[in-house]
Amino acid sequence: MADKHPHAEWSGKMFDIMRDAGITLFSHVPDAGNDALIQLAEEHNETQAVLLTTEEEGVAICAGAELVGKRAVLCMQSSGLGNCPNYLTLAKGGRFPILMMISMRGDFGEQNPWQYPMGEATDDLLKAMNILVFKVDRPDELEAATTAAVNASGKGGRAAAIVLSQKFLGAKGF
Amino acid sequence: MTTSPTGNIDRRELLPQLFPNQQDWLFVSGLAGASKDAADLTKDGPNLFSMAGGMGSAVPMGLGMALSAPDRDVAVINGDGEMLMGIGSLVTVASASPNNLTIVCEDNAMHGETGRQTGHTSRVANLEAMAKAAGIQSTMTISEPGQIADAIRFIKEAPGPRFLLVRILPTDPCTFKRDMDLAACRVRFKDAFKASAA
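So the sequence lines, in the order shown, correspond to chains D and F. Residues 1 to 174 (this note's numbering) are what the first sequence spells out, left to right. Residues 1 to 198 (this note's numbering) are what the second sequence spells out, left to right.
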């Protein structure tokens, strides 16, 4: 698959950075934006993809892994962030350095009106729960933003989100 | 509002019987009474991360722990309200299927912490049936003290992940005073785990 997937190239770079940083669990709610990354996590023998029922479970999975010295990431659409704030008590109050990879909906080029309300609230929600934001609008920002977020949530001890805009991902037609 | 007891097991005496070697386990407990019972079991020891918020998160936190520490036994202690709020996490557990994860759900069919309001399981909802339908490999319900020996065997011998539903009397939970500083408890747990793994 990987060489044909439209997001294969940057997903491979992101996966390598995350795997090199010791991230073993890739929890996710499926999305076009994280599809290639999750396939890599499924294929690699040192990483495991964990399919979630709802996004906030991934916050708790990241926290549980961290308690036993391992690292995990939560991959989801921006709409799924709306399911997470109460569990992000673990980040804001418990200082769990939760790492998120968020593929945006409801921003640049969106054609589905249902996606705008949460898309427009994404930055405010992240800020409200003390999550650092590392945004990617252009391909040349991907590696630096991923590394920065992974380091912030590693030795930096802060919850962090890599936010992939629709300028970067492309907006799907409706 | 009054709630009829769903079973005859005293929650205050349950966990020490189910986990006689509690120090060998890693525990995550959900709010509210479940965390008090778990804190009494471990004397709020560093092998317990107990919660008083983030309702529903205990099971997925235990899942993250079980997948990340596959050579350790992990137990989640929660109540029926907490379990229902994160009910989808049973499906996530079943799909990932860690064999080192045990979930013990203390079902008193009410929201004890907020004023003993009647819960869904006092009516028709059945949490063991939901766990089974989610695909959890091993499930069991006990409601009488005489069944606790079977539950001990279940935890020891049934293939994981395991879901044990315990129908309890509508008593107050244990009263052990635990540390409520979640950031401090995180560090306490992490440091103790690291030391035990070294």
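I should point out that these hints are in silico values taken from the structure, not numbers from a laboratory. Computed from a prediction, not measured in an experiment: that's the story for all the values here. Just so you know, even glycine gets a beta-carbon here, dropped at the ideal spot from N, CA and C. Errors might be hidden in some of the hints.
[Said to hold, decoys possible] Listing some non-contacts, in silico: residues in chain D with all C-beta distances to chain F over 12 Å:
1) Arg19
2) Glu43
3) Arg95
4) Pro139
[Claimed, not checked] In silico lysine to aspartate or glutamate, EDC-like type, Cα no more than 16 Å apart, as pairs:
5) D:Lys70 <-> F:Asp191
6) D:Lys155 <-> D:Asp20
7) F:Lys194 <-> F:Asp71
8) D:Lys92 <-> D:Asp124
9) D:Lys135 <-> D:Asp107
10) D:Lys167 <-> D:Asp124
11) D:Lys70 <-> F:Asp71
12) D:Lys70 <-> D:Glu46
13) D:Lys92 <-> F:Asp181
Now for the hints, and whether the structure bears them out:
1. Arg19: holds (15 Å)
2. Glu43: holds (17 Å)
3. Arg95: Label violated. Min Cβ-Cβ 4 Å, cutoff 12 Å.
4. Pro139: Nearest chain F Cβ is 32 Å from Pro139 (chain D), so the label holds.
5. D:Lys70 <-> F:Asp191: holds (13 Å)
6. D:Lys155 <-> D:Asp20: holds (14 Å)
7. F:Lys194 <-> F:Asp71: holds (14 Å)
8. D:Lys92 <-> D:Asp124: Satisfied, since the Cα-Cα distance of roughly 14 Å is no more than 16 Å.
9. D:Lys135 <-> D:Asp107: holds (13 Å)
10. D:Lys167 <-> D:Asp124: violated (19 Å)
11. D:Lys70 <-> F:Asp71: holds (13 Å)
12. D:Lys70 <-> D:Glu46: holds (12 Å)
13. D:Lys92 <-> F:Asp181: It holds: about 12 Å lies between the C-alpha atoms, which stays within 16 Å.
Hints 3, 10, counting from the list given before, are not met by this structure.
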